[in-house]
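Q: The listed protein sequences correspond, in order, to chains A and B. In terms of this note's numbering, the first sequence opens at residue 4 and continues consecutively. In terms of this note's numbering, the second sequence opens at residue 133 and continues consecutively.
To be clear, the hints were calculated from the coordinates, so they are not data collected in a lab. One or more hints might be untrue.
Claimed, not checked - With a straight-line Cα cutoff of 35 Å, these simulated DSBU-like cross-link-like pairs (lysine-lysine) come out: (1) B/K150 x A/K48; (2) B/K194 x A/K5; (3) B/K194 x A/K159; (4) B/K360 x A/K126; (5) B/K360 x B/K411; (6) A/K133 x B/K411; (7) B/K398 x B/K143; (8) A/K129 x A/K211; (9) B/K398 x A/K53; (10) A/K133 x B/K398; (11) B/K279 x B/K143; (12) A/K260 x A/K48; (13) A/K22 x A/K10; (14) B/K425 x B/K299.
To be verified - Residues from chain B that face chain A, not an exhaustive set, calculated with beta carbons under 7 Å: (15) L193; (16) K194; (17) A251; (18) I395.
From a predicted model like this one, the values you see are computed outputs, not experimental measurements. Heads up, the beta-carbon is just placed ideally off N, CA and C, and yes, glycines get one too.
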Amino acid sequence: MKSKTYKDFSLKVRKSILKIANSSQCSHIGSNLSIVDILTILYIKFLKNKKNYFILSKGHACLALYCVLKEMRFITEKTLNSFGKNDSILMSHASHKVPGIELSTGSLGHGLPVATGVALADKINKIKKKTFVLLSDGELDEGSNWESLLFSSHHKLNNLVIIIDYNKLQSIDFVKNTLNLEPLKQKFQSFGCKVVSVDGHNFKQLEKVLSSSSTKPLVIIANTIKGKGVSFMENSVLWHYKSLNSEDYQKAMKIIK
Amino acid sequence: MRAIFIDQLVKAATKNKKIVLIVGDLGYGIVEPFKKKFPDRFFNAGVAEQSMAGLAAGLALKGFHVFIYSIANFPTFRCAEQIRNDIDYHNLSVTIVSVGSGLGYGNLGYSHHAIQDYALLRSFPNMIIASPSNNQEVEGTMNYLLKNPQPSYLRLDKSLELDCSKKIPSINPGKWIFYKRNKSKSKNLIISTGSVFTNCKRLSLKNKNYDWVTLPIWGMKFKNQQIKNLKKYKKVITVENHLQDGGFGSWLSETLTQKQNNIQTKIVSKFLDKNVIGKVGSEKYLNSRYGLK
Numbered sequence: 004m005k006s007k008t009y010k011d012f013s014l015k016v017r018k019s020i021l022k023i024a025n026s027s028q029c030s031h032i033g034s035n036l037s038i039v040d041i042l043t044i045l046y047i048k049f050l051k052n053k054k055n056y057f058i059l060s061k062g063h064a065c066l067a068l069y070c071v072l073k074e075m076r077f078i079t080e081k082t083l084n085s086f087g088k089n090d091s092i093l094m095s096h097a098s099h100k101v102p103g104i105e106l107s108t109g110s111l112g113h114g115l116p117v118a119t120g121v122a123l124a125d126k127i128n129k130i131k132k133k134t135f136v137l138l139s140d141g142e143l144d145e146g147s148n149w150e151s152l153l154f155s156s157h158h159k160l161n162n163l164v165i166i167i168d169y170n171k172l173q174s175i176d177f178v179k180n181t182l183n184l185e186p187l188k189q190k191f192q193s194f195g196c197k198v199v200s201v202d203g204h205n206f207k208q209l210e211k212v213l214s215s216s217s218t219k220p221l222v223i224i225a226n227t228i229k230g231k232g233v234s235f236m237e238n239s240v241l242w243h244y245k246s247l248n249s250e251d252y253q254k255a256m257k258i259i260k
Numbered sequence: 133m134r135a136i137f138i139d140q141l142v143k144a145a146t147k148n149k150k151i152v153l154i155v156g157d158l159g160y161g162i163v164e165p166f167k168k169k170f171p172d173r174f175f176n177a178g179v180a181e182q183s184m185a186g187l188a189a190g191l192a193l194k195g196f197h198v199f200i201y202s203i204a205n206f207p208t209f210r211c212a213e214q215i216r217n218d219i220d221y222h223n224l225s226v227t228i229v230s231v232g233s234g235l236g237y238g239n240l241g242y243s244h245h246a247i248q249d250y251a252l253l254r255s256f257p258n259m260i261i262a263s264p265s266n267n268q269e270v271e272g273t274m275n276y277l278l279k280n281p282q283p284s285y286l287r288l289d290k291s292l293e294l295d296c297s298k299k300i301p302s303i304n305p306g307k308w309i310f311y312k313r314n315k316s317k318s319k320n321l322i323i324s325t326g327s328v329f330t331n332c333k334r335l336s337l338k339n340k341n342y343d344w345v346t347l348p349i350w351g352m353k354f355k356n357q358q359i360k361n362l363k364k365y366k367k368v369i370t371v372e373n374h375l376q377d378g379g380f381g382s383w384l385s386e387t388l389t390q391k392q393n394n395i396q397t398k399i400v401s402k403f404l405d406k407n408v409i410g411k412v413g414s415e416k417y418l419n420s421r422y423g424l425k
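All chains should be built: construct the whole structure from the sequences, respecting the hints.
A: Written out as structure tokens, the structure reads:
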């Protein structure tokens with residue numbers, strides 16, 4: 004697939020995120036923009052026709068996923084527009100009531116243990132599918148992830164692909180000022196995983212690593228930028244929380260890339 | 133109880149390839165028959181209950197009926213949110229098996245006393261609580277759970293091996309099992325759940341004009357159906373090896389308070405006194421000293 008196709012898709016999704024974030028006055032805009040390129044390549048290249056399995060563990064970035072699901076025709080534009088409104092199926096954390104989503108998330112540290120179970124099920128059933136799970140970096144503070152890594156590497160679940168959205172910003176501060184994760188690559192390696200570090204906004208690099216195979220669980224450290232695409236939101240704690248006012252929105256829609 | 137559980141699980145797994153057993157590094161001397169017969173469907177999650185419960189949810193999402201096995205509070209409180217969000221909310225076929233109900237591990241201390249587990253598990257809307265009181269009820273509840281995979285909690289006694297009848301009772305959620313029914317219609321009732329059978333037997337001998345039942349499978353979903361039977365009685369004694377708050381007696385009382393009109397039934401509860409917390413001793417001693425004679 005050409006990078007331009009991916010780029011067009013992700014730009015559409017980013018605009019869609021801003022539009023819905025504006026109408027719903029939701030937060031977590033930075034977290035959503037951070038994972039758009041990863042979701043783009045996953046959904047266009049790796050998840051079509053239920054080829055593989057995906058869990059969004061950082062459930063607070065569900066708006067990005069909902070916007071992708073709208074582009075992939077799992078949900079309608081009308082449904083997307085209901086995001087966060089009374090009685091909508093689109094709550095502001097990923098929900099399994101939404102077509103195309105298997106696991107509700109929102110409390111961090113749940114996605115990887117469940118993804119490990121899904122990957123194990125495929126091993127038992129001798130089905131050759133991959134299970135992708137997307138985690139945030141702050142989420143790695145949760146001990147449940149490390150419990151699961153022990154299990155997946157002990158059982159050599161090489162059908163499990165763990166993607167870390169490493170934007171280096173967590174809820175109220177930078178990761179390095181909160182609980183430093185470095186040396187992150189070595190941590191995963193020492194748990195028995197194959198680890199590849201990539202630019203999480205570079206489609207070529209993402210496509211290559213997502214297509215690769217391994218004898219161990221694969222961890223992709225995707226170096227990303229929180230708020231990617233809207234310069235005044237990039238790399239800022241503020242846009243984990245702040246909702247858009249009309250001035251922000253107009254400005255963001257003009258400069259988005 | 134444990135041996136009956138594993139025996140039935142092995143039998144069921146022979147026919148049903150979708151049954152998986154995960155243990156939390158416990159079950160020595162009990163789970164080996166399953167491990168030996170189904171090495172591909174047996175896993176030790178290690179001392180990692182959050183991982184164990186999440187794994188179970190993942191396997192269940194793919195159609196497996198997963199039994200997770202550990203003792204006391206470990207497969208419940210330690211991974212409470214995994215049970216809430218992953219297993220119960222998604223309505224997945226995971227059966228949580230906890231051994232050492234009540235004060236079964238009496239001398240191991242508070243960490244091993246399962247005396248608040250009902251309170252936790254009964255707060256989950258899809259969860260069914262299976263707390264059999266004797267060997268035949270274990271078999272009956274397992275028959276139900278194996279035929280009806282769903283979020284469920286099987287609470288087993290550590291060492292109780294009590295045979296109470298020749299027949300295996302047919303057990304369904306919310307259904308009472310009668311152990312004594314007075315010929316002249318009694319207005320008094322003893323009702324229990326869990327491994328307090330001998331306590332109830334004593335109580336029933338002392339209170340000859342009482343009917344005596346157990347309720348082996350219960351939970352939030354089965355509250356409403358209790359009223360019909362309960363209102364036939366004036367005085368009801370509930371018995372459980374659990375604290376009062378959030379326990380079985382509280383649950384049964386709530387069924388009445390929901391529909392207070394014209395119901396004369398009065399419930400008196402027997403439960404474990406909270407002063408048992410921090411105390412050590414045999415199950416028998418602690419039970420009799422702290423509320424369950």
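Q: Checking each numbered hint in turn, tell me which of them this model violates, lowest number first.
A: When the structure is compared with the hints, numbers 4, 5, 6, 7, 9, 10, 17 and 18 turn out to be violated.
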